[in-house]
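Engineer: Now for the letters of each chain:
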Amino acid sequence: MMRMPLIRRKPFAGSCLIAVLVLGALSAPAAELDAIVARGELVWAADQEGGGPHVFLDSDAPGRLTGFEVELAGLLAAELGVKARFQQGQWDRLPLLLGRSVDCVINGIELLPERRRDYACSRPYFAYGLQLVARRGGPLDSFERLSTPGPGGQWRVGVLTGSAAEVFLRSRHDLAVDVIGYDGTIDSLEQVQTGVLDAALMDDCIFNFYADRFAALRAVGRPFGGGYYTVLTARETPKLSAAIDAALGRLVADGRLKALYDRWDLAGRQQILALRDATEIPVAERRTLSQLVATTLPLLLSSAGMTVLLACLSFPLAIVAGLGVAVGRLHGPAWLRPPLTAYVEVVRGTPLMLQLYAIFFLLPKVGLALPAVVAAVAGLALNYSAYESEIYRAGLKAVPTGQFEAALALGMTKWQALRHVIVPQAVRLVMPPVTNDFIALFKDTSVCSVITVIELTKRYSVLALSTGRIVELAVVTAILYLAMSWPLSLLSRRFESRQEPRA
Amino acid sequence: MITVTGLGKIRGGAPVLADVSLWVAEGEVIAVVGPSGGGKSTLLRCLNGLDTFDAGTISIAGHSLAAGPHSPRLLEQVRRDTGMVFQQFNLFANLSALDNVALAPRVVAGLAADDARRRAHTLLDRVGLASFAAARPATLSGGQQQRVAIARALAMEPKVILFDEPTSALDPAMSAEVLDVILDLARGGQTMVVVTHDHAFARRAATQVVELVAGRITRFGPPLSILAG
Chain A
1 MMRMPLIRRK PFAGSCLIAV LVLGALSAPA AELDAIVARG ELVWAADQEG
51 GGPHVFLDSD APGRLTGFEV ELAGLLAAEL GVKARFQQGQ WDRLPLLLGR
101 SVDCVINGIE LLPERRRDYA CSRPYFAYGL QLVARRGGPL DSFERLSTPG
151 PGGQWRVGVL TGSAAEVFLR SRHDLAVDVI GYDGTIDSLE QVQTGVLDAA
201 LMDDCIFNFY ADRFAALRAV GRPFGGGYYT VLTARETPKL SAAIDAALGR
251 LVADGRLKAL YDRWDLAGRQ QILALRDATE IPVAERRTLS QLVATTLPLL
301 LSSAGMTVLL ACLSFPLAIV AGLGVAVGRL HGPAWLRPPL TAYVEVVRGT
351 PLMLQLYAIF FLLPKVGLAL PAVVAAVAGL ALNYSAYESE IYRAGLKAVP
401 TGQFEAALAL GMTKWQALRH VIVPQAVRLV MPPVTNDFIA LFKDTSVCSV
451 ITVIELTKRY SVLALSTGRI VELAVVTAIL YLAMSWPLSL LSRRFESRQE
501 PRA
Chain B
1 MITVTGLGKI RGGAPVLADV SLWVAEGEVI AVVGPSGGGK STLLRCLNGL
51 DTFDAGTISI AGHSLAAGPH SPRLLEQVRR DTGMVFQQFN LFANLSALDN
101 VALAPRVVAG LAADDARRRA HTLLDRVGLA SFAAARPATL SGGQQQRVAI
151 ARALAMEPKV ILFDEPTSAL DPAMSAEVLD VILDLARGGQ TMVVVTHDHA
201 FARRAATQVV ELVAGRITRF GPPLSILAG
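Line by line, the protein sequences give chains A and B.
For the first sequence, counting from 1, position 378 maps to 378 in the working numbering; every step adds exactly one.
For the second sequence, counting from 1, position 25 maps to 25 in the working numbering; every step adds exactly one.
The set of hints was computed from the structure by calculation and includes no laboratory data.
Keep in mind that a hint or two might mislead.
[Unchecked claim] In silico EDC-like links for lysine to aspartate or glutamate, alpha-carbon gap of 20 Å or less:
| # | chain 1 | residue 1 | chain 2 | residue 2 |
| --- | --- | --- | --- | --- |
| 1 | A | LYS258 | A | GLU71 |
| 2 | A | LYS83 | A | ASP34 |
| 3 | A | LYS414 | B | ASP51 |
| 4 | A | LYS414 | B | ASP81 |
| 5 | A | LYS239 | A | ASP34 |
| 6 | A | LYS414 | B | GLU76 |
| 7 | B | LYS159 | B | GLU28 |
| 8 | A | LYS365 | A | ASP187 |
| 9 | B | LYS159 | B | ASP184 |
| 10 | A | LYS414 | B | ASP99 |
| 11 | A | LYS239 | A | GLU41 |
Extracted from the complex, chain B is given alone in its bound form (with noise of 0.2 Å):
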């Protein structure tokens, strides 16, 4: 699903990734783990074009990335392919919980809006928060904005999700709300690569995990072999 080769990235005269290179299959669930500023973020912003790179090559979701600028377009297909959820959740704060997760649908797959409500209506559900449609995000806490975050991008049926520290934000409580939503989706086998500093999640959800210091690789493998107990 996922081919990255050789991936390196240069800011400001320092090398941010070198030499990355790791492997999705369907079904997975990576876990990047390692020190903060260690270029986990960034390896995966560049896995949807976020970001460029400058050495390499990344294939994604039967998608080709070259180093340097990507053409709009394949931006575009890349990321109809591959749903992210940030940090910040980053909900649009102009729209409600159900507007959110029904945008995309309607105005980048094409749906019919009511066909794009009716599915965002199924996976807020899904996600917990049925009742929550009308809410604007600023009125909902942040393990519910996380939440509908996820049902947002799950809304486009991409073959990856992407998720940059989904927990960071949020304290244990809404953490855990959150992280039992990525674990369901684990167990429906979706592909997903899920950056943390949550060891005991990625020893649960996590097919293989891969360690990143200092812009590097030093460690990918199965989470036993990898993290400690």
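With the rest of the complex left out, here is chain A (with noise of 0.2 Å):
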């Protein structure tokens, strides 16, 4: 239950790295116990889109929030005679809240060393396998299978991105494993289900509590490796660590733990490891500068290059499709009007976010299933075309009738005087905003991250949270963007001053 992502709605790591600046600036010191209990509030953070069985909507009664980790949250305020109290946040991002508005952070977190460098973490609390999940009657029958190619070539399999599981499977690379982050599990169920992946790997807690919604899906083989799960808090409040520490070791004891989790059928080795300490998991070593930049950026250049595949494969598509569009709503037959009308409407309308959504897990069900990549482009070219066909129709309508009047003249149809005389007019016209449509697509690009795509803004994201080294990774990919996009403005203001006086 990891996810990594720092920036999703966000498009430019450069604004992300003002917020995170600006935030910094303005943060309270972190609420020690004694504020918490003043208050009589302790609040949690916990994402309800991360779904069951840890925090997610009651089905039954829709906008009530339930899960093990609600009950626990309650059982852990109880203890420290206040109320919790539930705030949504990102959930990769939640650990950035603590000290802010978040006292603490409960919701599937993972004891690892980079956690246990940057944050307190508190005795675990839960503890999970990893489990392979398979299509029933599919090729993959054990994990061993896993070694070597399956029908298909690699198999491919889903993970939560930045999860245990996605660290594990990219550790061994001695499986013919194609491994494809998402970021939320079901997203990845949803897949193995229509074909599109062989298998997800998750923690085995998730498949359980959703087996019987993906009924076509089976476990392949036992639960292995794992880990634990803690609860977070910030190291500049050591009496309310200490405090959730002790609570935690109560509940332990008095086998109110035990109690939760039976009824909520989390049954096994779990409760029993449970009892470990944070202790036995080593803290990592911060890396140095000029270490950091030396792992991280190869990796921030080769995500670089995705994006600059997206947006050089999208846009061009997207300028075709909007051209077409312009034109046939202004010299098109009567009948193509309205329906054009409405693509640019709809599609203007709607986020990018939701359409890539739509493209890559809601067209597999009706036998379509796209590559990531294919889909991003896909999706980008889409919501593109409909503004690039704006611009074009602005811009064919700026060149004088005359010129359409004196190609008509001389017996050139319509179309020829479209084709040689107004569209190529047209398009020098519409120079200048077109380029700058690319530098907007150019970090819109890292919208399809949702769709299992790792660019820059992605990649980012994931090595800030792993690294701990939030700022100075901003700062090195907003220069990456910077030096992608400047170019394109330097471009554009020379398509500006070219611009002729017409005759």
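With the hints as a guide, bring the two chains together.
Structural biologist: In structure tokens:
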């Protein structure tokens, strides 16, 4: 249960950097135990989008939050003599909320060396194993089967991005596996069901919880590996951390934690393993800046390559489609104009993220399963074609009618006049706004991380969390974006200055 | 070459052209004169179908146009045989002078690119602009642009050329260079209809003069009988 993107709705790493700096400057000091008691509330953070059995919306009573961690938070708050108050946050950004609006994070946060370095980690309250999940009757019948290629070549296995499952799979170079990172566990289960993926690897408790919903899927082999969940608190609040540790100890000792797990049907070895101590996980070392750059820059650069690829493949498509739509709306047959207008309005009026999601997750349900990069290029091209068509429409209208008449007077057809005279002039007129849109698209490629594409922003998020060097890497990432978009800005300015006065 | 019979056109409830009839024989140069707003340009634009009309018929270069909308195919045929030169030149701003002239022969008449360019070179030479082949329209003077526009019209070897106030946007010196080209064409036997305010030019170049006032033909005859000295 780990997700990494730091920035999902913020398209540009630069704006994220500013947000980080501003937040840092404005943040109040972390609330210590006495302040929490005085306030009467323990604010705990989780992501309800993360799903069951941790924290999710009750399907019987929409709007009501439920899950074993919701109950755990209630128990811990009661131990401190206060009430629990839930704070929604994006899963991978939850630790960043500590010491700001949030006292602790309880949301399947894995006890990892990096976490122990950056935050105060409580004793484990839950232990999980990793479970491989595949379609019933499919060729994948054991984990060992992954060591040789399947019928379709490399096995395609979905994981939650940044999760222990991903870390584990990526470290196993001996396996014939294509690891694909998802933002949600349920997403990867969906994709196994539709056949886009061969399998998914996740915390066992998650698949146990959703097994009924995905009846076509089955657990392959027993859970293996795994680790512990921990309650995160800020390092600046040692009294709070100690109080939560002590409270957990009491819940373990008097059996209330076990009762909770029994109620949630989280049986077996978890409770036993949960009795262990946080300190058996080593603390990760902090790397120097030069080590950091040396290890992360190659990764950031290769992800910048993905950003360039997405932008450079999708924008020409958007331009061609947009031009076609604009010409069709202005000069096409009457019956074609209402559907084209509707196309522009619908595509402009819905978020890019939703469109990407529909192409990648919904199209496979009707039999069209596109690889992530193809879906990303298609989504970006679709989205931007609507904007480009409006620019071209304005450009086409700005070409004087005398140009059109002169072409017609020579005996050209409407389409010849458009092709040889009108469109070339419109293209030249719209160069500056189109270049501007290309820069915007460049940054919008970051949204593609929702459909498992790892581009620059996504890579930054993952690296920032795994290294704990959020600000330093934000600067490097922002510089990379600038290095890519600055030449485009210069190009745009050149087009603008080259606009000739018309005769 | 051109027969116009009972031509009528109504715009916004008011007649722009009413019962206009005229005849143009091959090799004739017709000057259309009259006050502004008299329907001269509208008449010219009806001849190649840039405007439609509401009554009468037009026969031009072997094609017949009837009242109401025309089929695209018919219009293409009419326009292949009739060149047009505009008051504002309307050179294609995206193309060089040479390509302005060579475009239609290539895409409309289907000439090979080399042949089209050769023809364009010859025509630019004929209007005295051979050295401006590579120039963009925006870099040419008004008189030069209008001469390129004439070369562009000639490139389709039209049976008739329609001129819509070809010198109205030009100062006297530039007018003179354009008028010289038109006079040269007249001597060569090119059939032309020229809408103009320039009576001196009409006297020199025209074989017939038509005067349009408020959409009606008020006079039609040889220049000397219509245009007082």
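Engineer: All hints, please: hold or fail.
Structural biologist: Hint check results:
1. A:LYS258 / A:GLU71: holds, 12 Å
2. A:LYS83 / A:ASP34: holds, 14 Å
3. A:LYS414 / B:ASP51: Holds - the C-alpha atoms of ASP51 of chain B and LYS414 of chain A are around 15 Å apart, at most 20 Å.
4. A:LYS414 / B:ASP81: Satisfied, since the Cα-Cα distance of roughly 17 Å is no more than 20 Å.
5. A:LYS239 / A:ASP34: holds, 9 Å
6. A:LYS414 / B:GLU76: holds, 10 Å
7. B:LYS159 / B:GLU28: holds, 11 Å
8. A:LYS365 / A:ASP187: holds, 13 Å
9. B:LYS159 / B:ASP184: Holds, at about 16 Å.
10. A:LYS414 / B:ASP99: holds, 19 Å
11. A:LYS239 / A:GLU41: holds, 16 Å
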